[in-house]
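Just need the whole structure built from these sequences, with the hints factored in.
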Amino acid sequence: MGMAIDLSTSGGILVALLPELVLTGWALVLLLAVAWRHKDDNDQLLVGQLALMGLVSTLLVVLWLWVRDAHPSGPALMIALDPFRYATAAIFLLGAILVVMLSLGYLGRERVAAPEYYVLVLLATVGMMFMGGGADLIVIFLGLELMSVSIYVLAGIDRRSAFAAEAAVKYFLLGAFASGFFLYGVALIYGATGTTNLTQIHLQITSLGLEANLMLLIGIGLLLIGFGFKVAAVPFHMWAPDVYDGAPTPITAFMAAAVKAAGFAALIRVLLHALGASDGVWTEVIWWLSVITMIVGNVVALAQTQLKRMLAYSSIGHAGYILAAVASGSEGGAAAFLFYVLMYTLMTLGSFGVLAAVGRRGERDVRIDDLSGLASRHPWIALAMTVFMLSLLGFPGTAGFVGKWLVLSSVIRADQILLAVLMVLASVISAGFYLPVVMAMYMKPAPSAEAHEGTQLVGAARWVVGVTAVLLLLFGVWPNRVMDVAADGADGLRPAPTRIFTD
Amino acid sequence: MPASVGWVWLVVVLPFIGFLANGLMSFIRPQAKNAVTFVGVGVLVAAFAAAVAVVAGLAQDLHAAPFVFTYWSWMPVGELELAVELQVDQLSAVMLMVVTGVGALIHVFSVGYMRDDPGYPRYFAYLNLFVFFMLVLVLGASFPVMFVGWEGVGLCSYLLIGFWYLDKSNADAGKKAFIMNRIGDFGFLIAMFLIFQATGSLSFVEVFEHAPSTFAINGGMITLITLALFLGCAGKSAQIPLYTWLPDAMAGPTPVSALIHAATMVTAGVYLVARSNVLFAMAPISSVVVAATGAATALFAATIALKQWDIKKVLAYSTVSQLGYMFLGVGVGAYAGGIFHLVTHAFFKALLFLGSGSVIFALHRAYHATHSHEDAQDMRNMGGLRRYMPWTATLMWIATLAIAGVPGFSGFFSKDGVLAATYARGHDHPVFYFLWVLGAVAALLTAFYMTRLMIYTFHGPNRTGKHEEPHLAEAPWVMTAPLVILALGSICGGVINLPHVLPGAGWLEHLFEPVTELSHRYLPEVHLSANTEWMLIGIATAIAFVGIVAAWQLLKPAVIQPAKEAPVEAGIQKVLLNKWYVDEIYSALFVRPTVWLSRHILWRFFDAGVIDNALVNGSAWTARAFGFVGSAVQTGRLGWYLLVFVIGTLVLLRTVM
Amino acid sequence: MEVISFWVFSGIAIISALLCITRKSAVVSALWLVLTLFSIAALFVILDAHFIGVIQVLVYAGAIMVLFLFVIMLLNLGRGGPTDLPGWLGHAVTLGIGIVLAVELWAVTRIVPATEIRLPAGTLDRVNEQEGAVAMISGPLFREYLIPFEITSVLLLAAIIGAVVLAKRRL
Amino acid sequence: MTELLANMGYDNWVLDALLALPLLGALIVLSFPSKESKKIALVVTLLEFLLSVPLWWRFTIGTAAMQFQHSYPWIPGWGVSYRVGLDGISLFMVLLTTFTMPLAVLGSWNYIKDKLSPYYALLLVLTTGMLGVFVALDLFVFYVFWEIMLIPMYFLIGVWGGPRRLYAAIKFFIYTFVGSLLMLVAILVIYVMVGRATGVYSFAYDHLLANISAVEAWAFWLFGAFALAFAIKVPMFPFHTWLPDAHVEAPTAGSVILAGILLKMGTYGFLRFALPLFPAVALHPTIVNIMVGLAIVGIIYGALVAMVQPDFKKLIAYSSVSHLGFVMLGIWALTEQSVAGAIIIMINHGISTGALFFMAGMLSERRHTREIAAFGGIAKVVPAFAAVLTVVSLSSVGLPGTNGFVGEFLVLLGSFGTYPWATAVAATGVVFAAAYLLWALQRIIYNKLDKPENENLPDLSGREYLVLIPLLACIFWVGLYPKPFLERIEASAKALITTVQGSPVSTVLDAGSEEQLP
Amino acid sequence: MQAVQGAELLGPALAVSAILFSLGVAGVLLRRNAIVVFMCIELMLNAVNLSFIALAQQLGRDGHIFVLFVMAVAAAEAAVGLAIIIAIYRHKQTVNLDKVNLLSG
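Residue numbers (numbering that gives the first Met the number 0), protein chains in the order written: chain A, 0 to 502; chain B, 0 to 656; chain C, 0 to 170; chain D, 0 to 517; chain E, 0 to 104.
Everything labelled a hint here was simulated from the structure, so no lab data went into it.
Simulated crosslink set (BS3-like; lysine-lysine; CA at most 30 Å straight-line): (1) D:Lys379 <-> B:Lys167; (2) B:Lys306 <-> B:Lys465; (3) B:Lys563 <-> D:Lys447; (4) D:Lys112 <-> A:Lys443; (5) C:Lys167 <-> A:Lys38; (6) D:Lys112 <-> D:Lys38; (7) A:Lys443 <-> D:Lys114; (8) B:Lys306 <-> B:Lys555; (9) D:Lys493 <-> D:Lys482; (10) D:Lys38 <-> D:Lys114; (11) B:Lys465 <-> B:Lys563; (12) B:Lys167 <-> D:Lys450; (13) D:Lys34 <-> A:Lys443; (14) B:Lys32 <-> D:Lys379; (15) A:Lys443 <-> D:Lys38.
Note that the coordinates shown come from a computational prediction; the quantities given were computed from them, not determined experimentally.
Shown next as structure tokens:
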């Protein structure tokens, strides 16, 4: 029975917050480094490496807490100490690590001279970790804002690019707008239950029978809108394609993977942990969100010619799949989410890595057909890309399939078979835009002799692409361990109705 | 059991060996004609010898029950116990003799006829294969095994009709034959399924044993079965409505026409009816259908034969007509009579064909010598040939008299037998009198057109052409010798089944008693009074002579012009010349509509248009179209995005409240 | 008395908000917004949140709005160029949506928090008198709400960095 | 010999070896220079075949039980285990596969000119995929193999295919994908519901089969999902339109494998899953009418459309639709003869149609066209080719003495008892079959030799003989002495029939399917 | 008396906040000037704050703390947001959102 942490003591709080503190500390170190040296690319590289160290060390701390099975001795105030937090934190950190690795070469190539980039990546990650680990709506809200603010800036960090600036302004205005709704939702939930602590909210709802309280319901609705925006659920998704399109590719990957994951983590924690009692309401909403999201995302992706936008829409589609897991409203669904989002992070980072290798200047101009003949020039890159595409498609043998399988079975266990059917139909549609990528690489001749000469994976990006591809195949064939971990991560997330807990 | 009967497998295997050997030769040593001849003819002679041995074995007890030899289990599934087995009984014995005997003769003839053909080995390979399948057909001890031979001979006929495949019309003829046979075979299959459903077995012995206990006489099931079987027969034996392939089949080499399309294969239908006489006897309606079809075909084909100029076409329609007689016979229950006519017909028709073969051979050589491209089969190019080829002329006259039914010749007895049997049925039901009349008229026409053929071919002035005349000559002995033997058969073949008024009558009928005794329960033989018989004989004789004399008087070979300057026919003559336009009608009614439907409606419109474009690609396009709509909605204007966002909000709040 | 003042300030807030969103010039809008914020501050005070009211004036009306105006001046949008207001259709749609949203949100006003979780009347007043307006906030802020408070600091740090990165002249 | 193998524990490792060997081979092929690849591939496939041959003798006749069966846990947490086995039905599918692959390699010998190593590697991977489908006894594993095999085929068509290969490839992929994903949902539903009912969550075939009653309420929809997936694969009219494109565009070996093996996966699926799992639905009058009706339509329609195809490969493709219509009829007739016949046809179709595709490939290798009109009279220049083509066509027409007859005869004979009228209609198919094949035959090898480019075509080469002779041998073996096949099939066929007919006909449809909607 | 007053002021306060929120949303929809849009968002946040305070009066001071944090967040957003707006102005010489549509489809 792992180590119990008393959150009423400052020491306990320190331990509980250790990962966030460590990462923030590293962020400050980076800041100093930036202030000290910010002349040329090497300085930037140095900062990047420091950031990598920071993320890795934080990951170790998280794993330490997880392995020691740190849990609160009393009520979990403000910050949760449960496997779900550790699992999500690990995923965010993994995503951030891969992003930083992609960026090391990328920033230099694109001549983005802003070493603060890495600081902001770290701070955004801190924000995500608070979203995944917040036991109180206020913490989740602040985490969300911390993440958002950093991402707003990161989206527009390439100040020479008008696209980046536009992406930033769009993302910022809509984001602020959305957090207005989120906040209103928090206010109403607070009004209905008199507290913002997730566990307490659950207890209040059950003990006072507030399941159908109108104020609570509207609060939930507004909350869902706020989250819906963060995870780019239709119809709150309109920002996503443009922002993904305009932002620097590694940041796009970061948004598509980690930011979305953070949104889902918080959403799932709030819905299952605090609002599980009134799931009658939100499952229906999520059901609809999921359906339209997966359909719109995949269908519109069919019409894309640019690779980057196609991936953007496809990530909307995947948000739909994850929402389906949420709609199942079970810990099984949460476990499926953890597995899926981990694998999804790998695929996304990998495919954007390839994109970054193929394109230039934000990769906006890379059309799918520009990949023609890539297989003959760069067989390994093409192979990796094929793995990513098949995995995104959810094809057996890749981790994407296992993920989809888990989501499906969680959905079916919740007897929402129609949702399952719609989900597979949506993924049939997705074959219509994933396969052409493979087709272009292998089945179309290179347009010209000098095509793909510029294509190369710089530095660490090579590792990102390679490792993600290998992992996807590995977990596709042997997912056992990860599945168990995911199940453990979701364990006890949804409190049993009868669990009485003394304040 | 007499041991020699057991050699029956040898009879079957020998021709097959010949096929394999010659088939191999045709690839490795196409020029080694002597070897091919040795093998090709040798196996047939050997098979004949073996067949004689088998029959001799059987002859030790003419009333023996059928000998069934099982070789291996073929398709044993559940209650279906299907084995590869041969059956030797009186009926198959007779067929065995005909097939191997006539077959051997025709093989010999072919040696001369095909001498200069580049496809010589292939020809003999096919011919041997045909004999093999024909033997399987007649010896098969169950419907499926028989069916193997049944379709096998069809295949060989297909291959041999299209032997000179580089000419499209030959290939067409072969295809037509095969497909029309397949239509018949469809009936055969259905019949087999029905029989299996009813009796749970398919082997002759069991089926016929169980038949009486299984089927109600004149019941629906038995009628259906027999009609289905008869559809098969009609296809194989060129009866109305499936006869049109046979005349076209003359595209093949003439010996083939003699063997397959006169003597053996086309008679398989008759054999099948005779073989399953029990079933037909239990289904009077079907029997009447058989008889009526036979009579009608006999007459109809005879009319067409009247106006054909192609010597082989005349013989072809004559064959169809004669087959009609055989069906008339088996239809009225005179199974022995039917088979009897089959045997005699095998002799004289083979003789006629081979004779015409040597005629064509002669003209062909003549035209070849002068490099002219006249039609060597058109009687208008012949005439007076008896001066150049006396042997052929004489022998063919014998055959003509036989088929015309001149007393004493084999054809007279067999045809008279059939007609007498038909007449005898008359007191069961008057319709048979009508059939008898049809038969009689057909007999008249037969006498007429055969005489016509002889006159135009061998008598009057020669129309072959100045330069060709010197080259006209008798065929080599290797071709004439078989004719002589066949001629003997045509003359005295009748003795095996003399009318009842004569001493030693009905030998064949007695021979077949073991086979037909069951059916006699349902279809007892009616014996006419001696007077009636004499009367019928008289009528038949009269008919024969009237036909011959009429032709001799009416037709003036002198006025005929050679084919190229011949005037165009008109009126009924034209209709007859064009065989009542049946081919045209069929193609307009069935062939072209089917192809058109398949190509334009089924394939282009439905398959490519509806299913593939509209539904399959259509759904893909629709999805993509929605995609374009979706990305058009993505205008890039923040105001619009906010609007969508807020509208979504309103809806969502509505749902939660 | 308080009730009346509540309604007065509410009226002011609403009207000035309305003007804020409908005035053509950005500067004017900004000024109307300031007025709204002021009256909201007043409402805070009426609702027993004295400290917050003060902060509202300081932070919002003071700092944030000044920042806005500063930027407006910087980008010299003072004297409006072409209006940024849409045509009548835009107004109509907006009006419709606004009303619908208001109606939907209005529903919450019918709900009164369950009595079990409500404090006895005037509790905050009493706390106010005992601890003073500041201590009443600062107490929990540095105890239960320590963690959020720290997060806020990081948030502000991030914001500063971001602002600097984006706005600094040198590329 | 077999004892020796037995002592080597052959029965325990053979299936694993069969699945592993090709993958290993693929790696070897990739790791060697590409000029070696075809030799390696040939060796590997031959080894594979030799490895599989003893199954013939080691297989115990007269039992319907799964043989050579064993399993290892794969994802124990989810009741997924690698579980393989053979019965009388799958035995022949496996043998057919291992028999076809070496020929496929030989058939590609000169046809494939570039990217050799990946080509042969994919062929080998494909082998594993197909074998996996036939031996899997765990629905999860089955599904995985079922999908896996799409990828190699997709590349074979898309990379080495004809001019419209891209279209054909993606069409093939998505068409199949639609069905199989719905099947995945169905599998999961069964898994969950059976798990709920029994408390044991497992994908094991026998477990699900034993407790299938748990999904009674859903049976109709689940059957539908399975049936759709399989019907697309078979392909049954009207889900057949991917077939002509795929066949025409695929390289020779691709077409051969498609026709020879892939299509069988559909019919095999019906035999192994759709019927045994949902007998009640399968025997429901409405379903019966639909399936039998579609089978017959397929037979006639396929034949008629085949008749008018200008492209030889397309003609063969449509003829497949017709042939597999017979199989479906036989399966649904559910008599010993018809089911056995259906399985025999599955084998025949692999042999005969495979041979036809090989020969079509040989023609297009020589003339770079598949248009029937481009040929004519070539029997004069390539007699051996013509002879073989004739024999193969006739076997496909179902001439007695060849394999084609045995299958069609048994199916029709068996079905006649169950559906006399349907069978009567189906029997007309034999006439149409003769029509389209003989017509094509005539236009290719007979008629005038009027195209100068045909005048010096080379006749069959030694390698081509090597490909064709085994097929010819099988044509006559199955045609003349099918007993060894039948006796191995019989027990399983009988078992299938008893399983299916042993259950009451479902009332799901009568209850009105609306409330069955999810 | 205060209880009564609080009880009866809660509803109105929530109503006012709802109206203000809606006005903010309406403003966001109405305006095209990025800065004004942003101001309207600030208005929304304030509306929410009003709800918090009104509820806090009934439920305890947690609401006040929350409002405090909201203000901090607003400040942070203001800083970043205005910086972003300046950045876009640098590229486009305008802050009219209708002109900001390079990215679309």
